[in-house]
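**Student:** So the chains spell out like this:
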Amino acid sequence: GAVVSQHPSRVICKSGTSVKIECRSLDFQATTMFWYRQFPKQSLMLMATSNEGSKATYEQGVEKDKFLINHASLTLSTLTVTSAHPEDSSFYICSASGGSRVAFFGQGTRLTVV
Amino acid sequence: GQQLNQSPQSMFIQEGEDVSMNCTSSSIFNTWLWYKQDPGEGPVLLIALYKAGELTSNGRLTAQFGITRKDSFLNISASIPSDVGIYFCAGSSGGNEKLTFGTGTRLTIIP
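As given, the protein sequences belong to chains U and R, one line each in that order.
In case it helps, our numbering puts the first sequence at residues 22 to 135.
In case it helps, our numbering puts the second sequence at residues 892 to 1002.
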C-alpha cells in the first residue's frame, strides 16, 4: 500500500504553546488529506478534510481557529494545535487519498499537553 | 459525527479459532474498508471492497460488501497471536469522500 508518514510520533508541550504535526504522502500525490482525533479505546473521529490549495472543511464542533490545517502541496498537510490545553491531549492521525477510493493512514501523533 | 455500528465490541478467542465481525449502517456506501490498528499506531488497511456483493480475500482474511450496501463483514480464519488488535470498518461514498468509521472490535487471544 501507499506510504503516509506522520511526524512527530510523540510530542509533549506546555499549556498555551502551539504544536505543529506534519503529514506527508511519500509515494503518491494526495489530493485530499483527512485529520482525525482518537481518544483512548474509542474510534477515530474526523476533524477536518483538506484539499490541496484550498481551505479545509471542518466537522461540526471542531474549532477551525484552534486546529489550523494547511495543505499547501500534494504531498504535505499540517495540523497546528494553537494555544494547546490539557484537554487537547489526544492521539491525532492523518490519512491521505489520491482519488483511489482508499485512504492510507499515518502512524499517528500522541500529543500530551502539560 | 456519524459512526457505523460494529459488532461485537470485543472478542476473546483462543489461537486457531475463526473470527467474524460485522458493520451495519443506516446509509448506503459505495466503498467499504477494513482496517486494523495496533496500540499507538495508525490504522493499516486490510481489505477494500468496491461493489455490492463483492467477496474479497487477503490471506486468512475474507470480507464481503453487503448486497444492500449498508453492511459488511470481516472473517479471520485460524487466528494467530499477531491478529490481536482493534479492527475498524469504514464506509465511504467514493472518490475522496471522507470515511465514516465503525466503533471498532477489539480482538484478544487468550492462552
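Heads up, some of the hints might be wrong.
Some chain R residues near chain U, calculated using beta-carbon distances under 10 Å [as the list claims (entries may be wrong)]:
| no. | residue |
| --- | --- |
| 1 | 924 |
| 2 | 936 |
| 3 | 994 |
| 4 | 999 |
Chain U stretches covered by chain R per the calculated footprint, using a threshold of three residues with CB under 8 Å from any CB of chain R [to be verified]:
| no. | segment |
| --- | --- |
| 5 | 40-46 |
| 6 | 122-134 |
Just so you know, these hints were derived from the structure itself, not from any lab.
The C-beta atom is built at its ideal place from N, Cα and C for all residues, glycine as well.
**Student:** Next, verify each hint and record whether it holds.
**Tutor:** Structure-based check of all given hints:
1. 924: Constraint on residue 924 of chain R satisfied, holds at 7 Å.
2. 936: 6 Å, holds
3. 994: Status holds, d = 5 Å.
4. 999: 13 Å, violated
5. 40-46: Violated: only 0 residues of the segment 40-46 of chain U have a Cβ under 8 Å from chain R.
6. 122-134: holds (count 9)
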